[in-house]
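Trainee: Read in order, the letters of the sequence shown are residues 1 to 61 in the numbering used here.
Hints should not be assumed to be uniformly reliable.
Stated by the list, open to error - Cut-off 25 Å, straight-line C-alpha distance, at most; resulting in silico cross-link-like pairs (DMTMM-like, lysine to aspartate or glutamate):
id, residue 1, residue 2
1, K10, D39
2, K32, E60
3, K32, E15
4, K32, E42
5, K29, E15
6, K29, E42
7, K29, E45
8, K10, D34
9, K32, E9
10, K32, E45
11, K32, E16
12, K29, D39
Bear in mind the hints are in silico, worked out from the structure with no lab data behind them.
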Amino acid sequence: MYIVAVDAEKCEGCEECVNNCPVTVFQMKDGKADPFQADLCEGCETCTSVCPSGAITLTEM
C-alpha cells in the first residue's frame, strides 16, 4: 500500500500527474492536484517523476 500526498503550496496546477497517472489517482480541485483515489496507487512513481515542482510524495506503508 502507498500513501500519496500533494503539497498544495508547491503544486502549480500543471495537471501532469492527472494526465500521466496510469490508474487515475488524481483529479484537479481548486486548481491543485488532489489524490482523490489514493487507495488505487500502485507505487509506480510516475506522478513524482512528472511533477515539475516536486509537490508529490509517495510513501510505502
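Trainee: Run every hint past the structure and note whether it holds.
Mentor: So, going through the hints one by one against the coordinates:
Simply put, K10 and D39 have alpha-carbon atoms about 22 Å apart, close enough for the 25 Å limit, and the pair holds. Distance hint between K32 and E60 is fulfilled; the C-alpha atoms sit about 23 Å from each other, no more than 25 Å. Straight-line distance between C-alpha atoms of K32 and E15 comes to about 8 Å, which keeps the hinted pair within the 25 Å bound. Restraint check for K32 and E42: the C-alpha separation of about 21 Å stays at or below 25 Å, so the hint holds.
The suggested pairing of K29 with E15 holds, with an alpha-carbon distance near 11 Å, which does not exceed 25 Å. For a cut-off of 25 Å, the pair hint linking K29 to E42 stands: about 22 Å separates their Cα positions. Distance check on the hinted pair: K29 and E45 sit about 21 Å apart at the alpha-carbon level, within 25 Å; holds. Taking the CA atoms of K10 and D34, the gap is about 13 Å. The hint holds against a cut of 25 Å.
Restraint check: the Cα-Cα separation between K32 and E9 comes to about 9 Å, which is no more than 25 Å; the hinted pair holds. Between K32 and E45 the CA atoms are separated by roughly 19 Å; this keeps the pair inside 25 Å, and the hint holds. At most 25 Å may separate the alpha-carbon atoms for a hinted pair to count; K32 and E16 meet this at roughly 11 Å. Pair hint K29 plus D39 holds up; C-alpha atoms about 18 Å apart against a cutoff of 25 Å.
Every hint, counting from the list given before, is met by this structure.
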